[in-house]
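Novice: The residues making up each chain are set out below.
4 protein chains.
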Amino acid sequence: MTDTLIKVDLSKSPLENENIHNRWHPDIPMACWVNPGDDFILETFDWTGGFIKNNDSADDVRDIDLTTVHYLSGPVGVKGAEPGDLLVVDLLDIGAKPDSLWGFNGFFSKKNGGGFLTENFPEAQKSIWDFKGMFTSSRHIPGVNFAGLIHPGLIGCLPDKKMLDLWNEREQQLIDTNPTGGLANPPSPGTAHMGKLTGEAKAKAAAEGARTVPPREHGGNCDIKDLSRGAKVFFPVYVDGAGLSVGDLHFSQGDGEITFCGAIEMAGWVHMKVTLIKGGMAKYGIKNPIFKPSVITPAYNDYLIFEGISVDEAGKQYYLDINVAYRQACLNAIEYLKKFGYSGAQAYSILGTAPVQGHISGVVDVPNACATLWLPTQIFDFDINPNASGPIKHIDGKINMPLSHDLK
Amino acid sequence: MTDTLIKVDLSKSPLENENIHNRWHPDIPMACWVNPGDDFILETFDWTGGFIKNNDSADDVRDIDLTTVHYLSGPVGVKGAEPGDLLVVDLLDIGAKPDSLWGFNGFFSKKNGGGFLTENFPEAQKSIWDFKGMFTSSRHIPGVNFAGLIHPGLIGCLPDKKMLDLWNEREQQLIDTNPTGGLANPPSPGTAHMGKLTGEAKAKAAAEGARTVPPREHGGNCDIKDLSRGAKVFFPVYVDGAGLSVGDLHFSQGDGEITFCGAIEMAGWVHMKVTLIKGGMAKYGIKNPIFKPSVITPAYNDYLIFEGISVDEAGKQYYLDINVAYRQACLNAIEYLKKFGYSGAQAYSILGTAPVQGHISGVVDVPNACATLWLPTQIFDFDINPNASGPIKHIDGKINMPLSHDLK
Amino acid sequence: MTDTLIKVDLSKSPLENENIHNRWHPDIPMACWVNPGDDFILETFDWTGGFIKNNDSADDVRDIDLTTVHYLSGPVGVKGAEPGDLLVVDLLDIGAKPDSLWGFNGFFSKKNGGGFLTENFPEAQKSIWDFKGMFTSSRHIPGVNFAGLIHPGLIGCLPDKKMLDLWNEREQQLIDTNPTGGLANPPSPGTAHMGKLTGEAKAKAAAEGARTVPPREHGGNCDIKDLSRGAKVFFPVYVDGAGLSVGDLHFSQGDGEITFCGAIEMAGWVHMKVTLIKGGMAKYGIKNPIFKPSVITPAYNDYLIFEGISVDEAGKQYYLDINVAYRQACLNAIEYLKKFGYSGAQAYSILGTAPVQGHISGVVDVPNACATLWLPTQIFDFDINPNASGPIKHIDGKINMPLSHDLK
Amino acid sequence: MTDTLIKVDLSKSPLENENIHNRWHPDIPMACWVNPGDDFILETFDWTGGFIKNNDSADDVRDIDLTTVHYLSGPVGVKGAEPGDLLVVDLLDIGAKPDSLWGFNGFFSKKNGGGFLTENFPEAQKSIWDFKGMFTSSRHIPGVNFAGLIHPGLIGCLPDKKMLDLWNEREQQLIDTNPTGGLANPPSPGTAHMGKLTGEAKAKAAAEGARTVPPREHGGNCDIKDLSRGAKVFFPVYVDGAGLSVGDLHFSQGDGEITFCGAIEMAGWVHMKVTLIKGGMAKYGIKNPIFKPSVITPAYNDYLIFEGISVDEAGKQYYLDINVAYRQACLNAIEYLKKFGYSGAQAYSILGTAPVQGHISGVVDVPNACATLWLPTQIFDFDINPNASGPIKHIDGKINMPLSHDLK
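Listed in order, the protein sequences are those of chains A, E, R and H. Going by the numbering used here, the first sequence opens with residue 1, and the numbers climb by one from there. Going by the numbering used here, the second sequence opens with residue 1, and the numbers climb by one from there. Going by the numbering used here, the third sequence opens with residue 1, and the numbers climb by one from there. Going by the numbering used here, the fourth sequence opens with residue 1, and the numbers climb by one from there.
Chain A with its partners taken away, still in its complex shape (with noise of 0.2 Å):
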């Protein structure tokens, strides 16, 4: 039987686990080490170490301290690994935690984080979400219903010293651009978690270890959907030992994970099998992860393509923009769903959730980006099809998702 190297309990803080970190740093001491070719499982907390509750109230999406996240459980040493291999990782499955099933999906205040959709979502909504076998739904939500493709959010190695100073160096050039901006996050010691490490190690460690918010050259939190439970990911190894470290799972997530507060967001395990590439960075010109999609997923294949293009919705017109295109596509899907009797914001929670694909359609027709958002109409209890008759309001809007005004 497969051995569970890391175990956390969802009823103590992730501070008093000594498994889990929350920055990238390569001084985190290895939780634990394994063989090239071993299988195990790693249990984590979800993203924010147990903040976000099951119930019925947004105020604690609107009251986090985002300096906190994410609780990731690792790093795992890989006897053997070496900077320039490709650590492979087979996720051989995934699942929530038999204490835990349920996730939360929400939207930040404008003021503590936002997301895709802030100027038109300003304010802190939640939904939570029950597990049913590999099925989700919602009660706050009604009429949708779907099968999770269950991924991690955030997945990939430590950094060595050189990395982690090009990542600070870069992301600080970003931030005094606008210092008040939020457009990234310097290291931030006071929330640190640094594993095992204590004192001065730790302090040291804390200071300079990189938040864990953006992807980077090494994965991380990517929040790609198909990197899903049945995937296999090469990842570029840059410390000996690799230290592979896991963490947000997502029970379920629409490209793009346009809520930001986040997916399905859910404790729970990663059962998964590494073996090495030994040189692959080189070998394959390696970068950035690459990965294989898993053969098992919701084969959701009737879908309805909302088209979006870089022009916003007071009309201003941008150069090729995706960001402004895609954020249109899910504009054009919410209004839509509105028409069925959904709220925006219910809609927009859908967007975030669902298996919605979002592609890059079409960036060189100038002025205009087109990207399209895919929403599988097979998750929905009744037809969303356009048709002559018309639509039907199905949702009475009677259920609504809890919001937290911004406190004064």
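Hints may be right or wrong, so weigh each one.
Any copy, or any two copies together, can satisfy a pair, since identical chains are not distinguished.
As the list claims (entries may be wrong) - Simulated pairs of lysine-lysine, DSSO-like, Cα-Cα distance not exceeding 27 Å: (1) Lys-7 x Lys-97; (2) Lys-7 x Lys-111; (3) Lys-338 x Lys-204; (4) Lys-162 x Lys-196; (5) Lys-196 x Lys-398.
Since the hints were made in silico from the structure, they are not lab data.
Given the coordinates of chain A, work out where chains E, R and H should sit on it, guided by the hints.
Specialist: Quick look at chains E, R and H alone, frame taken from chain A:
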């Protein structure tokens, strides 16, 4: 038997054909009329009207006058269609002209149009693709052979005057920010072909007629590969009769049409059926077209997926910029393919022509957007998956893509 | 441009075309020769050579002389092919003849051929299907419309004399067990068409020529719906030059071709490419053809699945008999569809024409075999899934399939 | 959190568990009751109740008393269910018991059960399969590794007395045609386990209780691989409360369960939800269960397909016999796999365990039925496609499957 309502003679200039136009303007007379429920066939020129030839020189790609494009077939009037309706178009089938079973792909010179990776591939190059039944391969790019995901790059209804003015106005505003920067293309009456319009009426419309380059509210040049034969599209209607035009057929294309010149471009025909949803724009809250993909598309499902983040190859950090992230994913894939013996240009062409997916994977994790490029492995004659025994150089480099240096 | 090596004129009798034959015999001269690596097009008659008409009477289905079928195009000689090789055939594309965009389906009278459910549907019936691009629908069966899974019902290489003798011998032994039972069809020289053979040579070959009805070691009349355009087939070679013939094209068919007359039968053309694996039969232990399915097939993936077991409708228990089990699954599906308003004959036709799957689900649990019939739900204009509010009779019964009573 | 209504202790005999039964009889008391809309979990023994062990001897397969099977969990009473209703069962998830992450496959001796190819493989053999997350591989069969298409081999509702009598009667009539032939299995009270029944009541029910071996009108031992986790099944109801029982879980199986002992057999658990369609049997004309397949199944779509016709390996001609045709397709696939180094037994096991499809391809072309076996190529560690450079013997024959000779 289904009627071919518009015919094109590839041995003649599109300018001689009054059922062809290359600008958008509500005054362009209908080329023909149909009833809701009718199915019919329209033949089309390739987007350049035959300028690019089936030969081994990229001079034509270098020298093309891009104010001439795109040559569209139409507009087709649909009886009873009124502003505010949705025109439902079933793309029953699409194919190449039997006397023109080939297509072209290329990159424009940075001095004349460029492309998504124009900094990396600044000079004109071309590849020719032969069609054998449902499959294509190129004499300029060995080792790949794939089924066509055949689609119109450009399709949509005529704008009304108000919409046209809006387009011209907002694009001019963008141009005005950098008049020599090629940010957008204003009306260009000299090369305008306005269908049946002649004389004064033509001159007036040509002076105002919007260029066909960008996708806009009506659809237009969306270059969405999944809007393929078998798809069902719901177009906004702005003028009485709708005025549906189509052209710029692609035998195959990757998400983004990153090579710009273009997909695998071809002359051909479209068999379609039209129906109406009266008042559908308001009923369903439609601004841009929506569509349902085909049930018949190439079922490549074994992908190798490349990640890219919004840090460019010089190490510069961008803020949640999907364009930069997708460009990096593309460059990562190109570096990878070079390990198997392809030139960079050949690898770039594969990404532009094969049914490659481009996903918007993460857009909220400041400061890095994450995009993924999905490369189907089954289109290659050899195994491109990474493994411990390393890449094998299957391509010997003897075959090259034509390149034409910029003229001094 | 690809050569059309065999042409057919649908206004003439196939008997006038010396590149057509309707028996298998090694003496039939090659109609034409190709080289390994060549691609080429063959046109074909429908399997009856034009006997069944596009009209609203089933008299032709009732009256057909079944000794005349199937009219095949070929044989094509492949230079260098020798007995023991595998002939690799890429079906690059298949289509209907532009002057014949329709097909037929029917059930033979029990007195003349019958069919899988001939006890239940003992008289001749017919439906006509129109092709609109990649899709088909019938004026005799409302409410269904589906994409064609286009394939040749019949394709294979010439037998050598030894193989031919084996066929004739073993089938005659079966016939001898019940000479009037229609168990198999012996050579029938009167209606034999032997391609270019004439005179004595023709008479001799016609007397020995195996009927084209059954599938055999060489493939032949397999009626495998998934051997469709885009598939790659590996055929055993028995004679020098291989001698590849093809015909009996189907626009679409369900597993089993249960209606026998037949799938959606059509005249058309096949674009194919041939290569060789020298000595492949022994190398790979091949007795019957093997193949790889197409990457382009209709992606209907929402099925309603009907089970059947080997107890017949009279309650008789059979021992692990898949035929009985599949027949029951078919009858169960027909009863189900009748609840939506279809006649039994219409339902039976849908099972015979749509891309229905028939699976051998259990064959060891004595005494009952279990078979399943997979009905794609997306081919219907309405929802056929069961639900608590019960079936809605969408079909009003006003449209019927032509039926022709047996003549006394 | 979902309740586990029936638990099993794998260290104890199923005979000690009163929520287990191994016969069908309406008098078996409900093990527990649920309401429509409830979801719940049932644990199950493997079908032999633990008789087959995780070891390297096939003695247990040879020696098993087949009158003991199958050990089912249930019956579960559903409040409000009445005869004539349809019981809708959503299979929300299925898995192995955490303390039993392995399964077995084997062939029975021809003297004790046999199997589909028992003439070719007449002696007892066994392979053990380990589960690593969603994947499985065997220490007895190298070179294959695949994702589980997990399903219950056996599931259905209790028959009423009339249905039970019908079963016993018609099967006895078959037995009477050849009493020693093993054509079917009559009630076998000696090893009957009737749940909570004891004393007289048990003795009476045991004497009448139908064996669980065959699939019947209620579903039962259908061994349909696609009735997998995520599927939705509609079962006929014959008794008040329905009485749903389940067992015989399979981690994976090929169509037909051709090895009989059996699929990859395992102990485990089923998470399901039940609802009712009142009067659904008559409304929808239901005799046998119908179902909709899962949206989460392994997406192997690259197949090598083997044809078989109804002529056996001795050359004997059968009349439209799908069993013979499928047997030939299986034997053809086995011969093919032997070219890569597998033993016949290993190849046979792969066909019995992997997600192989068996299609009824042609059933009307007298005298030959045609069946096809679809072998997914992606489950192999190496390329099994045919090509001109011939098969490579990847398997060296050093690893063998345990075989136990029949005892004299």
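Novice: Hint by hint, say whether it matches the structure.
Specialist: To see whether the hints hold, each was checked on the structure:
no.: 1; hint: Lys-7 x Lys-97; in the structure: both (11 Å within a copy, 20 Å between copies)
no.: 2; hint: Lys-7 x Lys-111; in the structure: neither (35 Å within a copy, 50 Å between copies)
no.: 3; hint: Lys-338 x Lys-204; in the structure: neither (51 Å within a copy, 42 Å between copies)
no.: 4; hint: Lys-162 x Lys-196; in the structure: within (22 Å within a copy, 66 Å between copies)
no.: 5; hint: Lys-196 x Lys-398; in the structure: neither (49 Å within a copy, 46 Å between copies)
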